[in-house]
Amino acid sequence: GNYKNGKEEGVWFVYWVNGKLWYSVNHKNGKREGAWISYFDNGQLMDKGNYKNGKEEGDWIGYHDNGQLEDKEYFKNGKLEGNWVGYHDNGQLYSKGDYKNDKKEGFWVSYHDNGQKSEEGNHRNGYWEGVWVGFHENGQLRYKGNHKNGDSVGVWVEYLENGELKYKDVYKDGVRIND
Numbered sequence: 001g002n003y004k005n006g007k008e009e010g011v012w013f014v015y016w017v018n019g020k021l022w023y024s025v026n027h028k029n030g031k032r033e034g035a036w037i038s039y040f041d042n043g044q045l046m047d048k049g050n051y052k053n054g055k056e057e058g059d060w061i062g063y064h065d066n067g068q069l070e071d072k073e074y075f076k077n078g079k080l081e082g083n084w085v086g087y088h089d090n091g092q093l094y095s096k097g098d099y100k101n102d103k104k105e106g107f108w109v110s111y112h113d114n115g116q117k118s119e120e121g122n123h124r125n126g127y128w129e130g131v132w133v134g135f136h137e138n139g140q141l142r143y144k145g146n147h148k149n150g151d152s153v154g155v156w157v158e159y160l161e162n163g164e165l166k167y168k169d170v171y172k173d174g175v176r177i178n179d
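Just so it is clear: in the sequence shown, position 135 is 135 by the numbering used here, and no numbers are missing.
Keep in mind the hints are simulated off the structure, nothing from the lab.
Take the hints with a grain of salt, since some may be wrong.
Unchecked claim - Cross-link-like lysine-lysine pairs, in silico, DSS-like; alpha carbons within 27 Å at most:
#	residue 1	residue 2
1	Lys117	Lys168
2	Lys100	Lys79
3	Lys31	Lys72
4	Lys48	Lys7
5	Lys103	Lys72
6	Lys148	Lys100
7	Lys20	Lys55
8	Lys31	Lys100
To be verified - Computed beta-carbon distance windows for the label pairs:
#	residue 1	residue 2	range
9	Lys79	Lys20	29 to 35 Å
10	Tyr15	Asn114	35 to 41 Å
11	Lys4	Asn125	38 to 44 Å
12	Asp113	Asn149	29 to 35 Å
All of these numbers come straight from a predicted model, not from anything done at the bench.
Glycine included, C-beta positions come from ideal geometry on N, C-alpha and C.
Please take these sequences and the hints and turn them into a complete structure.
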């Protein structure tokens, strides 16, 4: 790339120490502009998307270093917006939900790499809200509890993989109040 008036200008290519291309991106007046594409040091595609006025814009797709899809996301003015979905490196669904103004919003669900559900619950303004439930890889209930504004409230229980109760606690405003 070049510099114009002390700012990056034109297409820049950046390489890994092994000589393989890491990423290429255009700069306009010192800010990233247009297509972005990056690669792992093994040559596999890492991610691709677009920049507008130095900020991520539109659809972005990321990949694991083994070539499996890692995530699909959408940016508006550099902030995550709308549906997000992620995958484990074995191709199994990892997590899905929505973003609003760069914060998790609404129902989210996550999975272990064996396909079993890992946890589910709602977000409000980026914080856990309401009942959240987690599961062990064998499908057994791991935990269950309630959140308000991101703080644990009420009774929380956690179980071992065999279903045996591990503990039961009571929270108020995020603070455990039982002995």
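Right, here's what the structure says about each hint:
no. : hint                           : result
1   : Lys117 with Lys168             : holds (22 Å)
2   : Lys100 with Lys79              : holds (8 Å)
3   : Lys31 with Lys72               : holds (24 Å)
4   : Lys48 with Lys7                : holds (23 Å)
5   : Lys103 with Lys72              : holds (16 Å)
6   : Lys148 with Lys100             : holds (19 Å)
7   : Lys20 with Lys55               : holds (25 Å)
8   : Lys31 with Lys100              : holds (25 Å)
9   : Lys79 with Lys20: 29 to 35 Å   : holds (31 Å)
10  : Tyr15 with Asn114: 35 to 41 Å  : holds (37 Å)
11  : Lys4 with Asn125: 38 to 44 Å   : holds (41 Å)
12  : Asp113 with Asn149: 29 to 35 Å : holds (31 Å)
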